[in-house]
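Asks: This is what each chain is made of:
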Amino acid sequence: MTKARDLTTLFATLFLFWLLLNGSLAPDVLAIGLVVALLIAILFRGSLAVLSEFRATPLAIVTAVGYLIYFLKALLQSNLQLARIVLSPSLPLTPGIVKVRTRLQSRMGRMLLANSITLTPGTLTVELNGEWLYIHWVTVESADIEAATASIVSGFERYIEVMYG
Amino acid sequence: MDSLLNLLGGLLLVAGASFLFLGGLGLVRMPDVFNRIQAGTKATTLGTLLGLAGFACLRPEWGLKLLLIGLVTLFTNPISSQVLARAAHRTRVEMTLNTTVDRLAEDTGEEA
Chain E
1 MTKARDLTTL FATLFLFWLL LNGSLAPDVL AIGLVVALLI AILFRGSLAV
51 LSEFRATPLA IVTAVGYLIY FLKALLQSNL QLARIVLSPS LPLTPGIVKV
101 RTRLQSRMGR MLLANSITLT PGTLTVELNG EWLYIHWVTV ESADIEAATA
151 SIVSGFERYI EVMYG
Chain G
1001 MDSLLNLLGG LLLVAGASFL FLGGLGLVRM PDVFNRIQAG TKATTLGTLL
1051 GLAGFACLRP EWGLKLLLIG LVTLFTNPIS SQVLARAAHR TRVEMTLNTT
1101 VDRLAEDTGE EA
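These protein sequence lines map, in sequence, to chains E and G.
Residue numbering for the first sequence follows our numbering, beginning at 1 and increasing consecutively.
Residue numbering for the second sequence follows our numbering, beginning at 1001 and increasing consecutively.
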């Protein structure tokens, strides 16, 4: 991935966001958007990896859609589980912090994974350390690294691997 | 068509509000910081998204902006929760008594 391409992607995305937010194509709006998007793209090209590290292949885009559906389903499940716990008088919790391992190498992939884990049933990423993630789990099913990894990480990893590697 | 969208929007708003309420209840009922953060994050994310979807049905012309707000929520909510949880753990906030295991403390040697 070249620097020029990073810059262009970033600039195009920022400008698109600007247009969406303004909902207008007046010349002055366009001019301001162009200048500001270009400035931000030049100043921050190294730090907005969400866009520049994405592998823009057709497979990655299909996977991104699949990931989004999988993710929204997990988010809904996690809320239903939470509702069940919060509404039951006995408050059935067996919390703990378990350690899991990820195969993902890219910074962006790991960030996305940590975020996804936080929003899925009963899990919250507490700390990241290289390939190790420490997860707070409302109902610890297994403190074993392999078993916890299989049950928390694997579902998302399948998708993110294709998108970011 | 309009009344159908209105109905759908209203239902989505009510659903979002219910999840936000459950999250609030979770904040009160959960025994320690980490469990509270769990309740807070998930409920506010889904609750906010459903609310935004509801608004999008009621005011379709706001759709794109609402979509952007949703995306920002989706990215920032879990990050702030993770950072809060990490800060809590680093300053050794007490965990509830029925905590079964704490691998992080074992690995960083914070506790015996």
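Source of the hints: derived by calculation from the structure; they are not laboratory data.
Computed from a predicted structure; not experimentally measured.
Each residue gets a CB set at the ideal place from its N, CA and C atoms; glycine is no exception.
One thing to keep in mind: the hints can contain errors.
What the hints assert, rightly or not - Selected chain G positions facing chain E (in silico; Cβ < 7 Å):
1) 1046
2) 1064
3) 1066
To be verified - A few chain E positions that, by computed beta-carbon distances, are all more than 12 Å from chain G:
4) 6
5) 20
6) 28
7) 33
8) 58
9) 66
10) 79
11) 84
12) 93
13) 117
14) 118
15) 122
16) 127
17) 136
18) 140
19) 158
Asks: None of the hints should be skipped; say for each whether it holds.
Replies: Verification of the hints:
| no. | hint | verdict |
| --- | --- | --- |
| 1 | 1046 | holds (5 Å) |
| 2 | 1064 | holds (5 Å) |
| 3 | 1066 | violated (11 Å) |
| 4 | 6 | holds (19 Å) |
| 5 | 20 | violated (5 Å) |
| 6 | 28 | holds (20 Å) |
| 7 | 33 | holds (14 Å) |
| 8 | 58 | holds (22 Å) |
| 9 | 66 | holds (16 Å) |
| 10 | 79 | violated (5 Å) |
| 11 | 84 | violated (10 Å) |
| 12 | 93 | violated (6 Å) |
| 13 | 117 | violated (8 Å) |
| 14 | 118 | violated (4 Å) |
| 15 | 122 | violated (7 Å) |
| 16 | 127 | violated (5 Å) |
| 17 | 136 | violated (5 Å) |
| 18 | 140 | violated (5 Å) |
| 19 | 158 | holds (19 Å) |
Checked against the numbered hints listed earlier, the structure breaks hints 3, 5, 10, 11, 12, 13, 14, 15, 16, 17, 18; every other hint is satisfied.
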